[in-house]
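*Asks:* Protein chains in written order, with numbering that gives the first Met the number 0: chain A, 0 to 216; chain B, 0 to 216.
These are computed hints drawn from the structure, not numbers from a lab. Do not take every clue at face value.
[Claimed, not checked] Dumping the calculated DSSO-like pairs for lysine-lysine here, alpha-carbon to alpha-carbon at most 30 Å:
1. 179(A) / 121(B)
2. 104(B) / 25(B)
3. 140(B) / 174(A)
4. 140(B) / 25(B)
5. 25(A) / 179(A)
6. 179(B) / 25(B)
7. 179(B) / 207(B)
8. 121(A) / 25(A)
9. 179(A) / 25(B)
10. 174(A) / 207(B)
11. 140(A) / 104(B)
12. 179(A) / 104(B)
13. 140(B) / 25(A)
14. 207(A) / 174(B)
Listed below, chain by chain, are the residues.
Protein chains: 2
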Amino acid sequence: MFSYRHPHPAVTTNVVIFTIVSDSLKVLLVRRARPPFEGSWALPGGFIDLAEDLEDSAMRTLERETGVRGVYLEQLYTFGQPGRDPRERVIAVAYYTLVPFERVKPRTHDGVGWFALDEHPKLAFDHDEIAAIAARRLAAKLDYSTIAFGFMPEEFTLSDLQHVYEIIQREEIDKRNFRKRVLALNHIEASGERRNGSHRPATLYRLKNPGQITFIK
Amino acid sequence: MFSYRHPHPAVTTNVVIFTIVSDSLKVLLVRRARPPFEGSWALPGGFIDLAEDLEDSAMRTLERETGVRGVYLEQLYTFGQPGRDPRERVIAVAYYTLVPFERVKPRTHDGVGWFALDEHPKLAFDHDEIAAIAARRLAAKLDYSTIAFGFMPEEFTLSDLQHVYEIIQREEIDKRNFRKRVLALNHIEASGERRNGSHRPATLYRLKNPGQITFIK
């Protein structure tokens with residue numbers, strides 16, 4: 000038993016991992032094997048060890064629960080509403096990331112799976128809210144980061160890029176506005192090549208600094 | 000005594016309140032009356048009650064330590080490095096805000112004071128890092144929010160506004176770039192009036208939607 004003069008909360012880390020597959024934004028979930036919410040799907044995570052950093056805890060419990068390792072995590076928000084866990088006061092420090100589908104290999108048996116963000120089952124605890132806030136943050140991040148380019152080949156058309164934006168921001172984007180917005184970011188340049196297709200040839204673009212694909216601003 | 004089967008960390012909330020006074024970005028600090036770091040300056044805050052929400056804890060401990068109440072707080076980041084508190088594992092959920100100087104009335108005796116961000120004494124714990132991260136987040140926020148307008152009179156020149164940006168972002172800004180950037184945000188419009196001064200008359204601007212001054216994006 001561990002005793003304290005003042006009451007202490009429990010603290011977990013939880014991870015929201017997004018990917019894009021089959022033209023859909025998906026989130027990695029695990030099925031809970033124990034109460035509370037036994038049998039429900041939830042975000043991977045678990046209680047911190049007192050000796051480990053929060054991000055290390057997020058990485059450790061993510062790997063333990065899903066087999067995924069070596070991803071870059073960014074802290075999202077800390078959720079601490081009393082009553083969010085029926086057992087005791089539990090504060091969840093949430094992390095999130097977006098990864099190319101080919102980059103991670105979660106276990107696919109054993110209650111681990113990718114779910115479309117709009118179609119996943121109701122999650123345990125307040126994990127629906129955590130996943131929704133992560134999705135909003137991710138959509139906002141597209142406007143000031145280069146994360147979308149992690150999903151592009153070396154050369155791509157603006158339509159290809161717009162398609163990724165539309166999947167993540169989950170709305171149709173006006174083509175002319177998109178062109179203006181994305182060129183204003185000054186991350187890409189015309190490669191000099193064009194792609195021939197059924198329509199008129201489309202200008203191909205490439206990243207100005209391919210080493211600078213970052214999840215962070 | 001409070002006992003648990005697994006070790007639990009302690010959790011605090013801490014608040015970084017910024018204001019602008021005498022053309023300088025200042026942060027509100029409190030002098031610690033007890034160990035650890037007795038006599039050092041620190042960010043206001045304290046241990047959470049298990050029954051209260053994290054934001055309520057931030058508001059309660061802020062008022063207890065500084066007399067400040069009724070401010071809008073936004074969660075900044077959660078700091079949990081092992082060893083950041085010499086007593087035990089303590090995780091700090093940090094909040095921040097920017098308030099007009101006239102809006103808050105902290106106690107000014109009793110170890111409470113505004114300090115210039117570049118000139119405050121070394122702080123207790125990792126509070127220097129927390130304050131620095133809050134200052135960076137605040138500077139970034141200017142580019143996609145309307146918070147700077149809380150420091151403007153009803154009508155103002157672009158130079159007035161640029162001055163506030165320069166104080167918060169702590170760097171000189173090119174006048175033409177600033178004009179382009181701030182007009183692109185589409186928050187302000189020319190009021191039709193001009194201010195006469197020692198130079199040629201300057202166009203006065205006003206907010207398009209004065210009710211929409213928000214700290215949040």
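*Asks:* Run the distance test for residue 179(B) versus residue 25(B): straight-line Cα separation, threshold 30 Å.
*Replies:* holds (28 Å)
*Asks:* Tell me if the straight-line CA distance from residue 140(B) to residue 25(B) falls inside 30 Å.
*Replies:* The hint holds at about 17 Å.
*Asks:* Next pair to validate is residue 179(A) with residue 121(B); report whether the Cα-Cα distance is within 30 Å.
*Replies:* Judged against 30 Å, a Cα distance of about 46 Å means the pair is violated.
*Asks:* Quickly compare the C-alpha distance for residue 207(A) and residue 174(B) to 30 Å and report which way the hint goes.
*Replies:* With Cα atoms ~27 Å apart, residue 207(A) and residue 174(B) stay inside 30 Å; holds.
*Asks:* Given the hint that residue 174(A) pairs with residue 207(B), does the C-alpha gap stay at or below 30 Å?
*Replies:* holds (27 Å)
*Asks:* Under the criterion that the straight-line Cα-Cα distance not exceed 30 Å, is the pair residue 140(B), residue 174(A) satisfied?
*Replies:* Between residue 140(B) and residue 174(A) the Cα gap is close to 27 Å, so the pair holds against 30 Å.
*Asks:* When you check the alpha-carbon spacing of residue 179(B) and residue 207(B), does it fall within 30 Å?
*Replies:* holds (17 Å)
*Asks:* Need the status of pair residue 104(B), residue 25(B): alpha-carbon distance at most 30 Å?
*Replies:* holds (14 Å)
*Asks:* Does residue 25(A) lie within 30 Å of residue 121(A) when you go C-alpha to C-alpha?
*Replies:* holds (15 Å)
*Asks:* Keeping to a limit of 30 Å between CA atoms, is the pair of residue 179(A) and residue 25(B) held or broken?
*Replies:* violated (38 Å)
*Asks:* Is the straight-line distance between the alpha-carbon of residue 140(B) and that of residue 25(A) 30 Å or less?
*Replies:* Answer holds: residue 140(B) to residue 25(A) is near 29 Å, not above 30 Å.
*Asks:* Given the hinted pair residue 179(A) and residue 104(B), is their alpha-carbon gap at most 30 Å?
*Replies:* violated (45 Å)
In this structure, the hints that do not hold are numbers 1, 9, 11 and 12, in rising order.
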